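Spelled out, the chains give:
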Amino acid sequence: MFIRNTWYVACTRDELHALGDKPLGRTICNEKMAIFKGPDGKVAAVEDFCPHRGAPLSLGRVCQGHLQCGYHGLQMGVDGRTVSMPGQRVRGFPAIKAFAAIERYGFVWVWPGDQDQANPDRMPVFEFLDHPDWAYGGGLYHVQADYRLMIDNLMDLTHETYVHAGSIGQPEIDEAPCETRVEGDRVITQRFMQGIQAPPFWQMAMRAQGLDPQATVDRWQICRFSPPSHIMIDVGVALAGHGGFDAPADKKTYSVVVDFITPETESSHWYHWGMARNFKPEDTDLTERIRQGQGRIFNEDMQMLQLQQENLSRSPERKLLMLGIDAGGVQSRRVIERLLAQEHHGAGA
Amino acid sequence: MFIRNTWYVACTRDELHALGDKPLGRTICNEKMAIFKGPDGKVAAVEDFCPHRGAPLSLGRVCQGHLQCGYHGLQMGVDGRTVSMPGQRVRGFPAIKAFAAIERYGFVWVWPGDQDQANPDRMPVFEFLDHPDWAYGGGLYHVQADYRLMIDNLMDLTHETYVHAGSIGQPEIDEAPCETRVEGDRVITQRFMQGIQAPPFWQMAMRAQGLDPQATVDRWQICRFSPPSHIMIDVGVALAGHGGFDAPADKKTYSVVVDFITPETESSHWYHWGMARNFKPEDTDLTERIRQGQGRIFNEDMQMLQLQQENLSRSPERKLLMLGIDAGGVQSRRVIERLLAQEHHGAGA
Amino acid sequence: MFIRNTWYVACTRDELHALGDKPLGRTICNEKMAIFKGPDGKVAAVEDFCPHRGAPLSLGRVCQGHLQCGYHGLQMGVDGRTVSMPGQRVRGFPAIKAFAAIERYGFVWVWPGDQDQANPDRMPVFEFLDHPDWAYGGGLYHVQADYRLMIDNLMDLTHETYVHAGSIGQPEIDEAPCETRVEGDRVITQRFMQGIQAPPFWQMAMRAQGLDPQATVDRWQICRFSPPSHIMIDVGVALAGHGGFDAPADKKTYSVVVDFITPETESSHWYHWGMARNFKPEDTDLTERIRQGQGRIFNEDMQMLQLQQENLSRSPERKLLMLGIDAGGVQSRRVIERLLAQEHHGAGA
Numbered sequence: 004m005f006i007r008n009t010w011y012v013a014c015t016r017d018e019l020h021a022l023g024d025k026p027l028g029r030t031i032c033n034e035k036m037a038i039f040k041g042p043d044g045k046v047a048a049v050e051d052f053c054p055h056r057g058a059p060l061s062l063g064r065v066c067q068g069h070l071q072c073g074y075h076g077l078q079m080g081v082d083g084r085t086v087s088m089p090g091q092r093v094r095g096f097p098a099i100k101a102f103a104a105i106e107r108y109g110f111v112w113v114w115p116g117d118q119d120q121a122n123p124d125r126m127p128v129f130e131f132l133d134h135p136d137w138a139y140g141g142g143l144y145h146v147q148a149d150y151r152l153m154i155d156n157l158m159d160l161t162h163e164t165y166v167h168a169g170s171i172g173q174p175e176i177d178e179a180p181c182e183t184r185v186e187g188d189r190v191i192t193q194r195f196m197q198g199i200q201a202p203p204f205w206q207m208a209m210r211a212q213g214l215d216p217q218a219t220v221d222r223w224q225i226c227r228f229s230p231p232s233h234i235m236i237d238v239g240v241a242l243a244g245h246g247g248f249d250a251p252a253d254k255k256t257y258s259v260v261v262d263f264i265t266p267e268t269e270s271s272h273w274y275h276w277g278m279a280r281n282f283k284p285e286d287t288d289l290t291e292r293i294r295q296g297q298g299r300i301f302n303e304d305m306q307m308l309q310l311q312q313e314n315l316s317r318s319p320e321r322k323l324l325m326l327g328i329d330a331g332g333v334q335s336r337r338v339i340e341r342l343l344a345q346e347h348h349g350a351g352a
Numbered sequence: 004m005f006i007r008n009t010w011y012v013a014c015t016r017d018e019l020h021a022l023g024d025k026p027l028g029r030t031i032c033n034e035k036m037a038i039f040k041g042p043d044g045k046v047a048a049v050e051d052f053c054p055h056r057g058a059p060l061s062l063g064r065v066c067q068g069h070l071q072c073g074y075h076g077l078q079m080g081v082d083g084r085t086v087s088m089p090g091q092r093v094r095g096f097p098a099i100k101a102f103a104a105i106e107r108y109g110f111v112w113v114w115p116g117d118q119d120q121a122n123p124d125r126m127p128v129f130e131f132l133d134h135p136d137w138a139y140g141g142g143l144y145h146v147q148a149d150y151r152l153m154i155d156n157l158m159d160l161t162h163e164t165y166v167h168a169g170s171i172g173q174p175e176i177d178e179a180p181c182e183t184r185v186e187g188d189r190v191i192t193q194r195f196m197q198g199i200q201a202p203p204f205w206q207m208a209m210r211a212q213g214l215d216p217q218a219t220v221d222r223w224q225i226c227r228f229s230p231p232s233h234i235m236i237d238v239g240v241a242l243a244g245h246g247g248f249d250a251p252a253d254k255k256t257y258s259v260v261v262d263f264i265t266p267e268t269e270s271s272h273w274y275h276w277g278m279a280r281n282f283k284p285e286d287t288d289l290t291e292r293i294r295q296g297q298g299r300i301f302n303e304d305m306q307m308l309q310l311q312q313e314n315l316s317r318s319p320e321r322k323l324l325m326l327g328i329d330a331g332g333v334q335s336r337r338v339i340e341r342l343l344a345q346e347h348h349g350a351g352a
Numbered sequence: 004m005f006i007r008n009t010w011y012v013a014c015t016r017d018e019l020h021a022l023g024d025k026p027l028g029r030t031i032c033n034e035k036m037a038i039f040k041g042p043d044g045k046v047a048a049v050e051d052f053c054p055h056r057g058a059p060l061s062l063g064r065v066c067q068g069h070l071q072c073g074y075h076g077l078q079m080g081v082d083g084r085t086v087s088m089p090g091q092r093v094r095g096f097p098a099i100k101a102f103a104a105i106e107r108y109g110f111v112w113v114w115p116g117d118q119d120q121a122n123p124d125r126m127p128v129f130e131f132l133d134h135p136d137w138a139y140g141g142g143l144y145h146v147q148a149d150y151r152l153m154i155d156n157l158m159d160l161t162h163e164t165y166v167h168a169g170s171i172g173q174p175e176i177d178e179a180p181c182e183t184r185v186e187g188d189r190v191i192t193q194r195f196m197q198g199i200q201a202p203p204f205w206q207m208a209m210r211a212q213g214l215d216p217q218a219t220v221d222r223w224q225i226c227r228f229s230p231p232s233h234i235m236i237d238v239g240v241a242l243a244g245h246g247g248f249d250a251p252a253d254k255k256t257y258s259v260v261v262d263f264i265t266p267e268t269e270s271s272h273w274y275h276w277g278m279a280r281n282f283k284p285e286d287t288d289l290t291e292r293i294r295q296g297q298g299r300i301f302n303e304d305m306q307m308l309q310l311q312q313e314n315l316s317r318s319p320e321r322k323l324l325m326l327g328i329d330a331g332g333v334q335s336r337r338v339i340e341r342l343l344a345q346e347h348h349g350a351g352a
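Residue numbers (this note's numbering), protein chains in the order written: chain A, 4 to 352; chain B, 4 to 352; chain C, 4 to 352.
All the pointers check out, no bait thrown in.
One copy or two, it doesn't matter: identical chains are merged, so the pair holds either way.
Listed next, the in silico PhoX-like pairs over lysine-lysine satisfying Cα-Cα at most 20 Å (straight line):
no., residue 1, residue 2
1, Lys322, Lys100
2, Lys35, Lys322
3, Lys45, Lys25
4, Lys35, Lys25
If you are wondering where the hints come from, they were derived from the structure by calculation, not from laboratory data.
The structure presented is a predicted model; accordingly, all values stated were derived computationally and were not measured.
All chains, please: the whole structure from these sequences, using the hints.
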């Protein structure tokens, strides 16, 4: 159950680059893809299935922008049509699927659904990614759970108190009420904590920003879901009484937690997580330290989600509760269902 | 195919204790349970499924006798009803299953079936467990085989000659006829070997008892099955000609091999094995040495049972032989089938 | 989909010998077999299923030519009939399957199908195996792929250029046309390369044969398929212009690549590979060096075939191309299908 006529993050630019002349094999929305750089250096994605004998093209290598099958040397073009094969006329070879692909914001994005509807104008905009005033660090986890369990997880940060008791959790999260609203296809869940002590991460950020880390602060968490399954979370603290999220720049410090959740199959997904921050963007050591800390924290969620998935798979008929704290996930799932219904009725995209 | 309205060993008291404030997750008769100590320190078992979002409660921790879910902090009571959850009224939350649990004889016992029928008076009695005149040592194996294959194994000790040729097997076992009888729901298979040399284990026990280890002895093995799947085996030697099993206390030495076989699924089980002995009960080193030896021996059965299970799963239609030596297992299975039929016809328990 | 009324290689003589008094358990054409040496030292194969309680006989040991079950000591004869069991009359025990087995050419061969049709006269003849003028070295791989994918692989050596680019591949293979013909149940695919430089392996062989390794040569590859799934490949080089394959013995050097492909299940097989050479047969170091090199090369094919199998299993309905270079595999599959149809219509064998 995933929207197909949309852009998903397939991998990072760096991940593809690190493979040199090898393509990357990855399954996105049940589509096995071989991702590579075409003749013009632009990213491309084709079905990971050689039309000759079914070998995975991702075992081959890229030769001047064509993907050469590692079995018998067939050369596949970015459009899914065979370019050449030793000793063969290839004109009659059946085409394989080609998927629209775009490199943007340091990621490779693919469109797994109807290719006629693929439209670069529908790429989401993230002004804080690939921007000189911001630094970004992140990573990738492969999670054996329905991607919607990760949406639930991120659209309800109450779990921080329990899952992340040792790092970013603090009792005030539980105590502050959260508020959820839907704006078109977007869902926003937010929570404000007033007049509290900053937790260690934010004390560090305050210090970096030239603020007194011991000062009383107002803290915010604003989780923003947008289809198909991107979640950006505005997080930060401001000196108490200056307007919180809306405080002047010199009274606050903040970041965006970036979550690109890409379905692999019905019960597994790729989770690209990271943080974009606009304080000390030039400090690459800090980027790496934050990245490692965030990696540890997000890793704590993995076991929970995977065992939750096992439980749900055992009892698929069982109804779950939908409480106030779950409203973010519940509303996000409704948006997905609505868009899925549109997609199936042809009104989609 | 297992009896459900009955008491099964779920774990040892020590295993639960070692977890501190963590619960124990274990599947018994296809029921996923989270086992923990309730507010009064009494053992409790509830379904391993948080009614909020299906997270496994066994990932949480115990707070003042309530089981706190590790995801969003819901607190579950021993009766399967939610006690509290941060920021929520929980009165309307659906209950989850709670299973009757008792701590006795150093084990935690659970009743996986109809809870209205759960009855502590139906707990079996084992006078040699948790008794100051007896010492007990044991262990736990997880076996990928139908629990009835383990019953077959233990109700026919002929296999000792082949599977355990290097330890407790001796040719006389094969040569002495075995005799099986049924007494109500109990099955007894016994074998007596007259005028033989004691094997190494019993020579050691004779020495501990002040008997001449080289003396000619009468040896016995009396396997006692009781439902659902407990097997106690009286084993011992007496100086020849003094009545064997019935010999006066100063002419013999003996133990009870304890086997609690608890189905996990249709094709796997938990096997708590051990030995209770009434010689030198204060010698904890001896307890540990016996435990290790027994662990090695029972481990030899594991591969056989697991590969036997694979063979049987491949050919479920195939008829097996039921020979005289198999009578113990065959009769035990008949008792189980009879009780199962009663259970299904509502006359059970 | 495999022919059953035929001889397959089950294992090597050495593999069985190395087990001492233990039998070898192996599945051939979905038949689980226990292979051992009978009372006369002749190889035997019986179903790996004890008629008593279904234990795998391959966990037992061989006692004077009978296979003793490791569970309760039943002794199984080479004909699938129980010979004895402690304390039992065995006459009425059901027989298990026995499979015709022959030791020849350093291999154990079994006939998995209708035993009435098992006929040693139908054993194929390989004059270069177990022959004093030839040396043989080889190995065994267990491949998670339909055995016919291995036939395709070996009946089309075009893949050498891509899969084995670092060892035996050379561009001329791609450039030389291949030619396929069918002779009854046999399929021959051959390729001749004229006036080329010998690749490293053949330079070594030329040196061993007393030929100038830098000389221009004619090279040949003649792949010979015979049912059910044996492939022998004549490979060699001759000094250019002396007739190639037909050149006089002192002008050429050659070997036979030996491939015995034995189905295990529908999607896995045992692959016995090796090389028989008639130059320097006494040089055992050379045999071992060639064996290791060949093992490395054939290992390169394994991943490709296994992932190709995964792709095909995902899309079983998908049509593959059948190009000129595929003719060897395509024709071999047709022979198999024809023989299978005969087998199913009772005209088989």
